[in-house]
Amino acid sequence: MLSRVAETLYWMARYVERAENVARIINVNTHLLLDLPRGVAPGWEPLIAIIGAQGPFQERYTECSERAVLLYLVGDADNPGSILSCLHRARENCRTIRDIVPREGWELINELYLFAKDSVEEGVSKRGRHAFLKRILLGSQTIAGMLAGAMNRDKGYHFLFMGRMLERADMSTRIIDVRSENLLPQEAGDTHPFDNIQWMSVLKSMTAYQMYRRSMQVRVRRVEVLRFLLQSEQFPRAFRYCIGSVEESLAALPRNEPALRIIGRLKRTVMGADQFEALDQAALHAFLDGLQLGLIELHETLANAYFLPREEAVAA
Amino acid sequence: MADHSQMQLQSLAPAAPGSVPGSECLDPLRLGLEHYDARNSWDELIAPSGEPHPHAQDLVRALAAMDTAELAARQTAAELAIKEMGVTFTVYSEKDGAIDRAWPFDIIPRIIARSEWERIEAGLKQRVRALNRFIDDLYHDQTIVADGVFPAELLADSANFRPQCRWVDPPFGIWAHICGSDLVRDADGTVYVLEDNLRVPSGVSYMLENRLVTKRVFPELFENYAPLPVDDYPSQLFDTLAALSPRPAEYPEVVVLTPGIYNSAYFEHAYLAQQMGCELVEGRDLVVCEDDCVYMRTVDGLQRVDVIYRRIDDLFLDPEAFRPDSALGVNGLLRAWKAGNVALANAPGAGVADDKVVYAFVPDIIKYYLGEEAIIPNVPTFRCLYAEEREHVLANLDSLVVKPANESGGYGMLMGPQASPAERERFAELIRRNPRNYIAQPVLNLSTVPTVVEGRVEPRHLDLRPFILSADHMHVTMGGLTRVAMRKGSLVVNSSQGGGSKDTWIVAD
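Keeping their order, the protein sequence lines are chains A and B.
Our numbering numbers the first residue of the first sequence as 1 and each following residue consecutively.
Our numbering numbers the first residue of the second sequence as 317 and each following residue consecutively.
Note that these hints are calculated values from the structure, not bench results.
Be careful, since some hints might not be right.
[Unchecked claim] Taking CB as the label site, the calculated pair distances span:
id : chain 1 : residue 1 : chain 2 : residue 2 : range
1  : B       : Asn647    : A       : Pro254    : 19 to 29 angstroms
2  : A       : Ala131    : B       : Gln590    : 30 to 40 angstroms
3  : A       : Pro258    : B       : Ala472    : 56 to 66 angstroms
4  : A       : Gly145    : B       : Lys399    : 19 to 29 angstroms
5  : A       : Pro258    : B       : Gln590    : 25 to 35 angstroms
6  : A       : Arg255    : B       : Glu469    : 55 to 65 angstroms
[Stated by the list, open to error] Sample of chain A residues with no beta-carbon within 12 angstroms of chain B, all distances over it, derived:
id : residue
7  : Ala6
8  : Arg38
9  : Glu63
10 : Glu121
11 : Gly128
12 : Arg129
13 : Glu247
14 : Glu257
15 : Pro258
16 : Arg268
17 : Leu284
18 : Gly290
Remember, predicted model here, so these are calculated numbers, not experimental data.
We put the CB at the ideal spot given by N, CA and C, even for glycine.
Given the sequences, and given the hints that come with them, work out the whole structure.
Put into structure tokens, the structure is as follows:
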């Protein structure tokens, strides 16, 4: 397997997964705003924070209005994290390896990109948004399913899979980080009915609500949600599950020791954090930051071991 | 999408009774075949009398039995199949970047009788054999120059002669392993070679895909005809390339080197790599190490490469040897090739035999090296280098096409009959100033073939590009890529300029 091809597969999967995750956070925020009482609702700014784009966003937009944020996240070609940009990059990556990716996979990615490109306005509008986001979610799930069902489990597939799982682990920590801040003023007793709506929204943004119910059998509470989303070895969007998957794929590759060591450390860190009750928001933030830094280190280790030397690397 | 076109194809198949070749209910009126005028040019399927050539009878009958709706349905089915199979070519524009366009294809095959083809095949082999001897000679002792057959000043002027390649000995003395020669037929039926592409000829993937499409949309024709197969090309190509390996005892690592996705022939590069089961690499995937061997960077580390089917022009191949600003190439590649540690196909410098002035000497080249007359003639060509031929050109500029030596794609050409007197005067001046750089040819009336145009069948001009492989043995494709000018009267067959293509059948007489 050529290093360039491995890297391209890895990024292609990351971008498809990223597009899906951006669609998820928009979706859940839309619902959250409808459910929470006026004045309590967090607005749209947190979404910009989730993807870590406050700076670039402020350079381009004067206010954090719904429309501005949606435009930025759905169809802004200058935002590398927008759904459109992610799909564009996924497509450009896929285009260079059309001899590796099953033809149907390329067609699906191409179609989804063309759909997103032609539907930015619907995606931004209140009325068309739901259908748009649903199509993005379904589209990226279909791509993942098609590739899972049609590709040899060779090195190429392992790189694709690692890209998807690393991206997912990364986005899970971001969503938790931004969405775990208590939205409700502690003293206001009448907000109680809304208390678990916030945590439900976190779960739903990761399609985790039903699985949480099945495996945790407790009401939706901060501590259990954090435990589920970070430590579950069964739920496929949980951080622990994601890095476990990376580990399994990595096992099939040569020269994997440095990356395996990082994963071992990340696993210990995330499973060792028993006292989520004791973690206040600041401590949780620092904890999640640590996980994200670990993911960055993991990516760099993979890149050093398997991808083209930096100066010749595929433009990511 | 797949299901839809599947259905479309199935629903076409039962329509066979009305369209079985040989059926009696012929109604040529429906397709406009009765207006089909094959008298203006040589037509590949229909004789001037209006009757089909003997080898084309079954096809023409089948066409005549179709109505416009069925013809249109089949053309649509073909277009769907092409879309679904993802057969594209890339057009690059400033505005939209690289765009994949569906490959333009006409469903009516172009048919050549086997007896005629065998002569053409022999002629192509003869030609490429001589051209390879010529290239090898130019990079060694230059006997052809010493013997006064090929003028030294033309060699000195050649834009494609690479002094860096002098005294290199590629395996079998072969430099042009893959050659695409363009053939045309004039009004009297004579087939000529129009040019030889010895650098990085493209189009063969479309030849292969065209056959697949025809099988899908005209399956019943294959009951009467058994066109000679073309689909062994990828394995023939692989064998040709593998034969060049510097490590013949082991299983050679053959790769296809592409400039990347923005190249108009990228589809073909990916296609051939896939069909041969080879890696498709870019320059940055390869590295030449201290041992002067070429390696590719893989997730398992560096892996030795034996043969590179390069689809990058000479000058971009190796920044160390040629253009230092090339981002497509591999530093040290020429060094590795000269050391005999890697094979390059085509060899660097093979393009020296691929210019329009050299073309004019090919009949002499064949005679010089092989002692034979050319089996397929050149288009009559006047070489302005020689005073007598130059005077003829200058006196007849209004009826000739004038071409500069080293331009391709129709650049810097004079189309005498269409040109204004001022343009002709300008060219006369150019020729007088630099006669060596110009050749002139009469305007050919290219042959035509029935082509679907808005649901009817009309004559359109065409050419043919067969591909000739050379290494330890030679192989010529059975037919080649037929390109057809879709605009009425046009002679431009290039796909980026509105040209289409057809399946090409070599059939028993």
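A quick look at each hint next to the structure:
1. A C-beta distance of roughly 26 angstroms is found between Asn647 of chain B and Pro254 of chain A, which places it inside the suggested range of 19 to 29 angstroms.
2. Our hint of 30 to 40 angstroms for Ala131 of chain A and Gln590 of chain B holds, since their Cβ atoms are close to 37 angstroms apart.
3. In this structure the hint that Pro258 of chain A and Ala472 of chain B lie 56 to 66 angstroms apart at CB holds, the actual value being about 58 angstroms.
4. Here the CB-CB span from Gly145 of chain A to Lys399 of chain B is close to 23 angstroms, well matched to the stated 19 to 29 angstroms.
5. Checked against the hint of 25 to 35 angstroms, the pair Pro258 of chain A and Gln590 of chain B passes, with Cβ atoms roughly 33 angstroms apart.
6. Distance hint check for Arg255 of chain A and Glu469 of chain B: the Cβ-Cβ separation is about 58 angstroms, which falls inside the suggested range of 55 to 65 angstroms.
7. Not every CB of chain B is more than 12 angstroms from the CB of Ala6 of chain A (nearest about 5 angstroms), against its label as outside the interface.
8. For Arg38 of chain A, the shortest C-beta to C-beta distance to chain B comes to about 45 angstroms, beyond the 12 angstroms cut-off, and the non-interface label holds.
9. For Glu63 of chain A, the requirement that its beta carbon stay farther than 12 angstroms from each beta carbon of chain B is met, with the minimum near 32 angstroms.
10. Residue-level check passed: Glu121 of chain A sits 20 angstroms from the nearest beta carbon of chain B, beyond 12 angstroms.
11. With a cut of 12 angstroms on Cβ distances, Gly128 of chain A stays outside the contact zone with chain B, its closest approach being about 24 angstroms.
12. Against the 12 angstroms criterion, Arg129 of chain A stays outside the reach of chain B, whose nearest CB is about 27 angstroms from its own CB.
13. The claim that Glu247 of chain A lies off the interface holds: its Cβ sits roughly 17 angstroms from the closest Cβ of chain B, which is beyond the 12 angstroms cut-off.
14. Glu257 of chain A, annotated as away from the interface, keeps every beta carbon of chain B farther than 12 angstroms; the closest lies near 15 angstroms.
15. Non-interface status of Pro258 of chain A relative to chain B is upheld: no Cβ of that chain comes within 12 angstroms, the nearest being about 14 angstroms off.
16. No beta-carbon of chain B comes within 12 angstroms of the beta-carbon of Arg268 of chain A; the shortest separation is about 27 angstroms.
17. Interface exclusion of Leu284 of chain A from chain B stands, the closest Cβ pair being 37 angstroms apart, more than 12 angstroms.
18. Remark: the non-interface label on Gly290 of chain A is consistent with the geometry, its nearest Cβ contact in chain B lying 29 angstroms away (cut-off 12 angstroms).
This entry does not satisfy hint 7, going by the numbered hints stated previously; all others are met.
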